[in-house]
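A.B. asks: Given next are the chains, with one letter for each unit.
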Amino acid sequence: MNRHILSVLVENQSGVLSRISGLFSRRGYNIDSLAVGETEDPTVSRMTIVVQGDDYILEQIKKQLNKLIDVIKIISLAPNVSVFRELVLVKVSATEKNRASITEIVSIFRASIIDVSNSTLTVELTGDQEKIQAFLELMRPYGIKELVRTGLSALQRGDTQISQTVTE
Amino acid sequence: MKAADAIVKCLQKENVEIVFGYPGGAVLPLYESLRSSSIKHILVRQEQAAVHSASGYARSLGRVGVAIGTSGPGATNLITGIATAYMDSIPMVVFTGQVSTELMGRDVFQEVDITGATEPFIKHSYLVKDATQIPRIIKEAFHLASTGRPGPVLIDVPKDVQNDRLDYVYPQDVSIRGYKPTVQGHMGQIKRAIRKLRNSKRPLICVGGGILRSKAQEELANFVTKAKIPVVHTLMGIGALPVDHPYYFGMVGSHGFAHANRAVSQSDLLVVIGARVADRATAGPGLFAKNAEIIHIDIDPAEIGKNLGTLIPTVGDAKNILQQLIKGITSLATDQWVQNLREIKDSQKDVLFEDRVGVNPKVILKTLGGILEDTAIVTADVGQNQIWAARNFPVTGKRQLLTSGGLGTMGYSLPAAVGAKIACPDYQVVAVVGDGGFQMSMFELGTMAQNGLPLVILLFNNSRLGMVRELQNDGYGECFGIDLTGNPDFIKLVGAYGFSGIRVHNDDQFADAMKTGLAATKPFLVECIVDPKESTL
Numbered sequence: 000m001n002r003h004i005l006s007v008l009v010e011n012q013s014g015v016l017s018r019i020s021g022l023f024s025r026r027g028y029n030i031d032s033l034a035v036g037e038t039e040d041p042t043v044s045r046m047t048i049v050v051q052g053d054d055y056i057l058e059q060i061k062k063q064l065n066k067l068i069d070v071i072k073i074i075s076l077a078p079n080v081s082v083f084r085e086l087v088l089v090k091v092s093a094t095e096k097n098r099a100s101i102t103e104i105v106s107i108f109r110a111s112i113i114d115v116s117n118s119t120l121t122v123e124l125t126g127d128q129e130k131i132q133a134f135l136e137l138m139r140p141y142g143i144k145e146l147v148r149t150g151l152s153a154l155q156r157g158d159t160q161i162s163q164t165v166t167e
Numbered sequence: 000m001k002a003a004d005a006i007v008k009c010l011q012k013e014n015v016e017i018v019f020g021y022p023g024g025a026v027l028p029l030y031e032s033l034r035s036s037s038i039k040h041i042l043v044r045q046e047q048a049a050v051h052s053a054s055g056y057a058r059s060l061g062r063v064g065v066a067i068g069t070s071g072p073g074a075t076n077l078i079t080g081i082a083t084a085y086m087d088s089i090p091m092v093v094f095t096g097q098v099s100t101e102l103m104g105r106d107v108f109q110e111v112d113i114t115g116a117t118e119p120f121i122k123h124s125y126l127v128k129d130a131t132q133i134p135r136i137i138k139e140a141f142h143l144a145s146t147g148r149p150g151p152v153l154i155d156v157p158k159d160v161q162n163d164r165l166d167y168v169y170p171q172d173v174s175i176r177g178y179k180p181t182v183q184g185h186m187g188q189i190k191r192a193i194r195k196l197r198n199s200k201r202p203l204i205c206v207g208g209g210i211l212r213s214k215a216q217e218e219l220a221n222f223v224t225k226a227k228i229p230v231v232h233t234l235m236g237i238g239a240l241p242v243d244h245p246y247y248f249g250m251v252g253s254h255g256f257a258h259a260n261r262a263v264s265q266s267d268l269l270v271v272i273g274a275r276v277a278d279r280a281t282a283g284p285g286l287f288a289k290n291a292e293i294i295h296i297d298i299d300p301a302e303i304g305k306n307l308g309t310l311i312p313t314v315g316d317a318k319n320i321l322q323q324l325i326k327g328i329t330s331l332a333t334d335q336w337v338q339n340l341r342e343i344k345d346s347q348k349d350v351l352f353e354d355r356v357g358v359n360p361k362v363i364l365k366t367l368g369g370i371l372e373d374t375a376i377v378t379a380d381v382g383q384n385q386i387w388a389a390r391n392f393p394v395t396g397k398r399q400l401l402t403s404g405g406l407g408t409m410g411y412s413l414p415a416a417v418g419a420k421i422a423c424p425d426y427q428v429v430a431v432v433g434d435g436g437f438q439m440s441m442f443e444l445g446t447m448a449q450n451g452l453p454l455v456i457l458l459f460n461n462s463r464l465g466m467v468r469e470l471q472n473d474g475y476g477e478c479f480g481i482d483l484t485g486n487p488d489f490i491k492l493v494g495a496y497g498f499s500g501i502r503v504h505n506d507d508q509f510a511d512a513m514k515t516g517l518a519a520t521k522p523f524l525v526e527c528i529v530d531p532k533e534s535t536l
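Protein chains in written order, with numbering that gives the first Met the number 0: chain A, 0 to 167; chain B, 0 to 536.
By construction, these hints were calculated from the structure, which means they are not laboratory data. Do not rely on the hints blindly, as some may be mistaken.
Unchecked claim - Below, simulated DMTMM-like cross-link-like pairs (lysine to aspartate or glutamate); rule was C-alpha separation at most 25 angstroms, straight line:
| no. | chain 1 | residue 1 | chain 2 | residue 2 |
| --- | --- | --- | --- | --- |
| 1 | A | Lys96 | A | Asp53 |
| 2 | B | Lys289 | A | Asp53 |
| 3 | A | Lys62 | B | Glu118 |
Said to hold, decoys possible - To give an idea of the chain B side of the interface with chain A (calculated C-beta under 7 angstroms), a few residues:
| no. | residue |
| --- | --- |
| 4 | Glu118 |
| 5 | His123 |
| 6 | Arg176 |
Note that CB positions come from ideal geometry on N, CA and C, so glycine has one too.
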């Protein structure tokens, strides 16, 4: 089972997300994350879908997605030629004693504190999944009260655009 | 123009002459527009039959069928028909009424999310929120239903949208950026396939419904005659090659013929055309054609590599690719291989069952083959009657056999026959059905009577769900939940609808009864009494 990142252009219409998520659930494909939003063309949305599966599953996912009329284009993003980012918001317990050490870790990771209370800090961090994982490991001992992640977003490196990329 | 009028105009632009439907509150504006139009409306007795009839219509004519239902329960009743059409790739546009847009999402009377409910088994669907989009949507729907791999498309129109106004212009062209089916086969792949065929010793072709959808029967016959390659087929591939063709070797699969399955397992190169070869055609993933390399030709790229490991995938329209293959192929040295297959085929014996009470259904269907014209359309239901028909009714000439192959929907035969008879009034139409399936759609006797459709229902009555009985006997030793005691007197039942029937107790009585039925000017029932212990194969 390998992790694959698909970048999918779809019509920006209601019902599209349901068609895609329904396809994954009824065919038993495992989805790690799905991030979606409008693109430079407001009639098109772009989804970044992280899936688990062997080559057979990956091929089936791409073919079944392609069968959906609302799906315009699908490419696989290889790690060596792509950039990946995810945003995470984490609300961590903070006391007067440990607040400084948390702040130190936050600055090492170039994260930022976006909300403070007597007993918590809310931290925003952007990065690839390894960086986020490492950060969360360091936060865990302090007590993570809440965590929310956007799922991975990704683009190809350099001047390559999805519209010019030939689908394999 | 009123949107409902525009829908009718668009249908006329798509050359729709007949729609099958059932009205209700949420489609009243559309029905009002249909009332004053040239389009003929066939009132079915339950919405599922509207879709099956549209399917029978579409398959027999090779055109797009149209079905209409109202919102809520009307829409949910359509679902089985839609799933049936989807699994067999039948081109169809289905309209549903929907509650008014300002009421949607409030769980009001007869509201159901039908685009959501049908999503897993429909080619595409539209929920129309803006009346001005109707011409584009209908143009797209007919295009989607009938091109690429055909299938059902749903258009859900809220009642207030049907009453809105728009400037009617029917678009000339369709442009859907996410939908560009590959029709032309890749020349490189076709050349590879031809090279592979030349080097094979035991080539075999296995065809499915794709040949029929692509109207490639003639090309298939020309190709196999020129190349001298034997042909087997799936249930959906019945009619792709006439049974009296010298290279015809029968149906594969769990209910197919042993000699056809033997051909598949002995072949060294299998060319699959327009078939997904699902579990009923194979013995399970990885067990089909174990000794063969596979060339898979299909219009749907997602079918290639799904059920079969494929050496040469070729995406495209079967007709188009067969034309290319005919050009490139020469006669292959297959005489010995074909001779072997003929010997195996000729050595097969029917299962013996002598002390039966009633008719031998296999003999009946062979006899039917001798009676019907070369253009006859036979529909078959699901269960033993389907397999009896598939194995024994000879599809020769331009005959067609229409049945629910993918979903296996009981109750398909009668409404599909209605659709076929309306589509092809000059052709003989016979609906083969068991007593279980008959009662799942027997309300359609009303539709047949109302429209005076001279079709023949060939009912095999064993007062049981025969195939389930057989599976239970073989698998569990005992039977449960299959006894249809309480069946009506079917001759009296059709009599109540104003048409007659003959009950047949033995094989000798059948031909006369069927000829009487075919000569009748109204629907006619030929009821054959079948021994409950009769086997499928």
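A.B. asks: Please go over all the hints and tell whether each is borne out by the structure.
C.D. replies: Going through the hints against the structure:
no., hint, in the structure
1, A:Lys96 - A:Asp53, "violated, 48 angstroms"
2, B:Lys289 - A:Asp53, "holds, 22 angstroms"
3, A:Lys62 - B:Glu118, "holds, 17 angstroms"
4, Glu118, "holds, 5 angstroms"
5, His123, "holds, 4 angstroms"
6, Arg176, "holds, 5 angstroms"
In this structure, only the earlier hint numbered 1 is contradicted, and the remaining ones agree with it.
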